Amino acid sequence: MSFAATERPVGAGLHAPAPRVSARRIAVVAVLSIALLAAVAASLALGSVKVPLNSVLDSLCGWLTGHHPPPIDREIILQLRLPRTLTALVVGAALGVAGALLQGSLGNPLASPDVIGVTGGAAFGAMVVILLSPASVALLPLSALAFGLLAAALVAMLSWTGRNAGGVGRLILSGIAVGSIFTAGTSMLMAVYPSRAPSAVMWLAGSLQTEGWGTIRNVAPYLGGGFLLAIGLMRPLNRLALGDEVAASLGTSPRVVRLAAIGAAAILASGSAALAGLLGFLGIVVPHTVRLLGGTSNNTFVVPVSALAGATLLTIGDVVARTVKAPLELPVGPMMVAIGVPLFLWLLRKAV
Amino acid sequence: MLLPPLARRLLAPLLLAVALAAIAIAGAPGAAHAATPERVVAITPFTANILAQLGVRPVAVASPAAGEQGLSSALNGVARLKLSHPNGPNLEQLVALRPDALFSSPTWRAGTPRIQRLGIKVYDSLDPQRLGTVPIAITKIASIVGKGPQGTALATRVQAGYRGAQKDITRHPRVLLAMGLAQYTLAILRNSWGGDIITAAGGNLVTKEIKPIAGSGQDAVVGNLSNEAVVRMNPDVIIVVPHGSPSDVPTIAKYYRKFAPWRTTKAARTGQIYVPTDDLLLQATSDPAALIRKVRSQYLHN
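Protein sequences appear in the order of chains E and P. Sequential numbering from 1 applies to the first sequence in this note's numbering. Sequential numbering from 353 applies to the second sequence in this note's numbering.
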């Protein structure tokens with residue numbers, strides 16, 4: 001199929017001759033890939049504890065080289081840094097893809113996991129455990145995941161039933177309403193249990209401090225499903241960009257594609273919240289940055305490159321958050337905003 | 353301006369009468385009342401218990417977050433106030449009690465100006481943030497409530513008690529003291545109440561060299577510690593003070609004893625991860641000697 005008509009209003013001012021755009025996109029992917037590799041290397045090599053580089057390599061490749069690092073170094077690399085780096089990659093990619101799917105399916109540049117109520121739902125799910133039932137702390141990620149999905153399901157139900165079902169405006173308004181209900185619930189819990197509020201603040205600020213492999217193992221199947229769904233949605237979203245009537249004439253059901261995109265975004269955003277708390281910034285800014293950098297809104301470019309960019313940005317943000325005041329850690333959310341927003345604003349000034 | 357002769361004659365006696373009235377008012381029971389408050393409210397366990405030990409019965413005390421066991425039995429029957437962040441007591445409930453003075457703490461300092469505007473004297477710096485300031489706080493509280501001599505005696509007794517509790521320490525295990533906040537290791541740093549108690553009990557606080565991110569105040573005594581650092585510090589003992597009711601503690605303790613990032617530490621390997629049912633390591637107690645003895649016998653075994 002042709003992507004000539006897939007340029008979306010978002011970043012629409014970035015038209016350029018096709019061959020040049022193509023080279024530009026290749027350059028964007030190449031630079032982001034190099035940045036990602038550098039970020040992963042930094043994430044494994046740097047931390048609050050200084051581990052010699054040869055110990056890092058031996059921990060990762062000891063089975064190949066036959067060298068065995070000191071047990072503590074090995075524990076730090078394999079049980080703390082490696083799962084954390086993987087979490088950063090997965091969460092960053094998931095939020096980037098979730099934002100791209102929502103902006104692509106709703107045709108709204110402000111669409112993000114917040115808009116479909118997922119963020120509010122996941123936050124409420126986490127607060128239920130942290131504030132109401134601290135004894136169930138082991139269930140924190142699953143509760144965030146479950147309530148994020150519940151919020152998205154409520155939004156879908158409200159917007160896909162009755163008159164004018166499936167309309168974008170109705171969906172966004174339903175999302176805002178459902179999100180408000182869960183946000184109010186979160187505020188109420190924090191007011192009722194003020195002495196437990198510091199725990200809530202830590203979670204809400206976003207952090208990749210995990211319990212190691214266990215949490216990732218629990219959430220990975222959901223995220224895997226979300227990613228697979230996203231891959232399958234890239235081309236249908238391009239057809240949707242031509243307008244609902246054209247998409248329908250091409251054999252694509254706009255309502256089904258939107259519902260599937262929202263479902264995938266909900267799974268990805270809820271899974272991310274389960275692993276790392278609230279990092280909503282990535283979901284809205286990363287896809288825009290990718291469109292601005294690549295000069296296109298083609299979803300076969302925007303969706304995978306948003307994954308690449310989100311993973312890179314979150315990994316860099318996490319390295320900074322855990323090293324700048326080591327051995328103490330800062331929340332990654334504000335750190336990522338400090339790194340990402342200046343870049344985004346610079347691109348925005350150049351492009352618009 | 354010239355006054356008529358009659359007015360001039362009356363002016364001197366009038367001024368004298370005003371002066372006498374002012375002196376009389378100043379010496380009246382009401383003035384003494386302002387200097388030595390009779391109706392006091394204490395919203396921290398330390399100030400409430402010290403008042404009780406000085407023989408002053410507050411008109412209300414705060415319900416302790418960690419349960420009633422933190423309050424002296426002499427305070428049974430005293431009205432309980434619920435506190436909420438960040439201001440502390442509900443102002444309407446507080447005003448209804450008609451207190452002259454309120455003993456608060458830096459935790460609730462945000463509410464101090466609003467309470468002061470109601471004409472209530474607020475003392476929010478007398479809840480000790482360090483072990484060494486306990487005797488000073490006791491003498492100041494005693495002086496405010498007009499129990500100076502009793503306060504001096506109590507302060508001397510408390511100080512002698514906690515000094516005595518530090519004798520004959522046999523070993524100095526490396527200790528990590530943290531607040532139990534889900535998967536975050538919010539460690540208590542040096543210059544804190546909990547840090548002082550651990551040190552007084554013979555513990556070697558593993559976070560003592562860490563510089564806090566916040567420059568001063570209560571936020572300067574805690575920090576979100578990297579679990580990599582915990583593995584490298586390898587504490588002998590980990591004490592986690594959780595949020596939650598005492599009934600939740602067994603489940604919370606199970607969580608931290610199996611907490612994967614700490615699994616290689618000596619504390620985890622030797623089963624020395626402890627979760628207290630109270631928050632005495634987070635805020636001042638009127639009997640630090642008992643707390644030090646408890647830490648030594650139950651957690652540090654020294």
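Source of the hints: derived by calculation from the structure; they are not laboratory data. There may be inaccurate statements among the hints.
[Unchecked claim] Think about it this way: if two alpha-carbon atoms lie no more than 27 Å apart in a straight line, the pair counts; the simulated DSS-like pairs of lysine-lysine are:
id: 1; chain 1: P; residue 1: K646; chain 2: P; residue 2: K618
id: 2; chain 1: E; residue 1: K325; chain 2: P; residue 2: K646
id: 3; chain 1: P; residue 1: K560; chain 2: P; residue 2: K610
id: 4; chain 1: E; residue 1: K325; chain 2: P; residue 2: K606
id: 5; chain 1: E; residue 1: K50; chain 2: P; residue 2: K519
id: 6; chain 1: P; residue 1: K610; chain 2: P; residue 2: K519
id: 7; chain 1: P; residue 1: K610; chain 2: E; residue 2: K50
id: 8; chain 1: P; residue 1: K606; chain 2: P; residue 2: K618
id: 9; chain 1: P; residue 1: K492; chain 2: P; residue 2: K563
id: 10; chain 1: P; residue 1: K563; chain 2: E; residue 2: K50
id: 11; chain 1: E; residue 1: K325; chain 2: P; residue 2: K519
id: 12; chain 1: E; residue 1: K50; chain 2: P; residue 2: K646
id: 13; chain 1: P; residue 1: K519; chain 2: P; residue 2: K473
All figures in this text were calculated on a predicted structure; none of them were measured in a lab.
Now the hints, each set against the structure:
no., hint, in the structure
1, P:K646 x P:K618, "holds (21 Å)"
2, E:K325 x P:K646, "violated (34 Å)"
3, P:K560 x P:K610, "holds (25 Å)"
4, E:K325 x P:K606, "violated (30 Å)"
5, E:K50 x P:K519, "violated (38 Å)"
6, P:K610 x P:K519, "violated (34 Å)"
7, P:K610 x E:K50, "holds (26 Å)"
8, P:K606 x P:K618, "holds (17 Å)"
9, P:K492 x P:K563, "violated (31 Å)"
10, P:K563 x E:K50, "holds (17 Å)"
11, E:K325 x P:K519, "violated (37 Å)"
12, E:K50 x P:K646, "violated (36 Å)"
13, P:K519 x P:K473, "violated (40 Å)"
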